[in-house]
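S.K.: For the sequence shown, position 3 (counting from the first letter as 1) is numbered 273 according to our numbering, and the numbering increases by one without interruption.
Since the hints were made in silico from the structure, they are not lab data. Quick caveat, the model's predicted, so the values are computed rather than measured. Please note: incorrect hints may appear among the correct ones.
The list that follows gives simulated cross-link-like pairs (lysine-lysine, BS3-like), each with its CA atoms no further than 27 Å apart [claimed, not checked]: (1) K354 <-> K380; (2) K354 <-> K339; (3) K358 <-> K474; (4) K485 <-> K311; (5) K410 <-> K304; (6) K358 <-> K396; (7) K491 <-> K468; (8) K271 <-> K311; (9) K485 <-> K473; (10) K474 <-> K491; (11) K468 <-> K304; (12) K311 <-> K380; (13) K464 <-> K474; (14) K358 <-> K380; (15) K485 <-> K464; (16) K358 <-> K339; (17) K332 <-> K380; (18) K311 <-> K474.
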Amino acid sequence: KQSVETHIQYIRMLNSRTRMGLAGPLPPLHMIFKGNPGTGKTTVANLLGEIYASMGVLSCGKVIYVERKDLVGEVIGETESIVKKVLKRAKGNILFIDEAYQLYSKDSDKDYGRIAMECLLTTLSKDSTDLIVILAGYEKEMNELISLNPGIDSRFPYHFHFDDYSIDELLSIATQISTRLNYRLSEEAIERIKVLTKVEMQKKKDSFGNARYIKRLITNKILPQMALRTSALENP
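Work out the full structure: start from the sequences and follow the hints.
M.R.: In structure tokens form, the structure reads like this:
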């Protein structure tokens, strides 16, 4: 969070200097987000879109979410066309490529995902005005992706690591989610969530879902069980 805040203030300063004629155009702002699911990567992308739009760095500031299936074609020549259309649609916004490491198979030189990545890098090297691309995914896999294609590191100068949430932070998120849904968690419920979350963290380790896990625990487990209990009370 501190790294992102520092980055925003830095870009705000550069943007002000550009408007005053003290500096040239802003450098490319493409980024790489590394971290487990549910650590806030998409939330931060949304905030960055709003902030950069308010600065005038982006003309719209929305976030366009895509995955491998949205970028890779099935026949020769199709992938290049798809990537160009996606980039055109993302103009003025943030293009967020989730699980970006799936675009680069180290087992096959002929995989169309490689073509998508090469097309993306070629386009970004020519024109990156009014567009920010974020590659996101697990840290280990994203590091492997960068090592497989050194051109990625030069096109994406800003790297941010998203740590897993602590137990206390996850319990706070659980309370926030419940409050937003107009429910109140009892002390016993919070303690039970704490126990279940610790077990899940130990079991999943590097793939733990963080805030995503907490949200699913509440909406898919806790609230349905509550519905069964209230139904039993209404219909004894």
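S.K.: Next step is simple, just say for each hint if it's right about the structure.
M.R.: Structure-based check of each hint:
1. K354 <-> K380: 20 Å, holds
2. K354 <-> K339: 15 Å, holds
3. K358 <-> K474: 38 Å, violated
4. K485 <-> K311: 16 Å, holds
5. K410 <-> K304: 8 Å, holds
6. K358 <-> K396: Roughly 14 Å between the alpha carbons, so the hint for K358 and K396 holds.
7. K491 <-> K468: 16 Å, holds
8. K271 <-> K311: 11 Å, holds
9. K485 <-> K473: Roughly 18 Å separates the two Cα atoms, so the pair holds.
10. K474 <-> K491: Given that 27 Å is the threshold and the Cα spacing comes to 18 Å, the pair holds.
11. K468 <-> K304: 22 Å, holds
12. K311 <-> K380: With Cα atoms ~30 Å apart, K311 and K380 exceed 27 Å; violated.
13. K464 <-> K474: 15 Å, holds
14. K358 <-> K380: Holds. K358 to K380 sits at ~25 Å (cutoff 27 Å).
15. K485 <-> K464: 13 Å, holds
16. K358 <-> K339: 17 Å, holds
17. K332 <-> K380: 33 Å, violated
18. K311 <-> K474: 19 Å, holds
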